[in-house]
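All chains should be built: construct the whole structure from the sequences, respecting the hints.
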Amino acid sequence: MFSDRLISFVADYLIFIFPVMLAAIWFAGYRKAFYHMVLSAGFVWILSSLIKDFFYFPRPYIVDARIPAARFFLDGSFPSGHTAVAFALSFSLFIYHRSLGLALLALSCIIAFGRVLGGVHSFLDVSGGILLGLFTAYIAQIPLDTYHSKC
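For the sequence shown, this note's numbering begins at 7 and goes up steadily by one.
In case anyone wonders, no lab produced these hints; they're calculated from the structure.
Everything numeric in this text was worked out from a predicted model, so none of it was measured.
Note that beta-carbon positions come from the ideal geometry of N, C-alpha and C, so glycine has one too.
Incorrect hints may appear among the rest.
Stated by the list, open to error - The calculated EDC-like cross-link candidates involving lysine to aspartate or glutamate, where the alpha carbons are at most 20 Å apart (straight line), are:
no., residue 1, residue 2
1, 58, 18
2, 58, 81
3, 38, 151
What the hints assert, rightly or not - Distance windows between CB atoms, simulated:
no., residue 1, residue 2, range
4, 62, 10, 43 to 51 Å
5, 38, 81, 29 to 37 Å
6, 81, 144, 24 to 32 Å
Have a look at this one:
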């Protein structure tokens, strides 16, 4: 069915717009925003992986067999890594460029919604990813501000 393929695309592949956006940010000359985005994305990926390793929460399709899943993952579902990275990148860009940041935040919401509709994550998982993304975008700004104040 078309809607299933659309949800699968949104949940799994829409995230790949972000590397293209990172390249565009670099070539547009927004170096500070680029470094902030890369630092926060790396930090949130590591942090979300550690949380998944230490606190296992089963994925929705494991808990409820009525939820169809296109692919099966063996790791925990909390927090949503896709959502955490998308929101870390979006919040980081928002600090430097409001309109582009808002566009990426809208895209991040679509990705989070797709993860829930695809049965890969629950609302709690994507909410945790959103908060983790916001937290890491804020934390990543500290070393960058320190570095830039010394230059």
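*Is the hinted pair residue 38 and residue 151 satisfied, with a Cα-Cα distance of at most 20 Å?*
holds, 10 Å
*Evaluate the given range 43 to 51 Å for the C-beta pair formed by residue 62 and residue 10.*
violated, 28 Å
*Please test the hint of 29 to 37 Å on the beta carbon pair from residue 38 and residue 81.*
Check passed, 34 Å falls within 29 to 37 Å.
*Beta-carbon spacing of residue 81 to residue 144 - inside the hinted bounds 24 to 32 Å or not*: Holds, at about 26 Å.
*Holds or violated: are the alpha carbons of residue 58 and residue 18 at most 20 Å from each other?*
Given pair residue 58, residue 18 holds - Cα atoms ~18 Å apart, limit 20 Å.
*Keeping to a limit of 20 Å between CA atoms, is the pair of residue 58 and residue 81 held or broken?*
holds, 7 Å
Checked against the numbered hints listed earlier, the structure breaks hint 4 alone; every other hint is satisfied.
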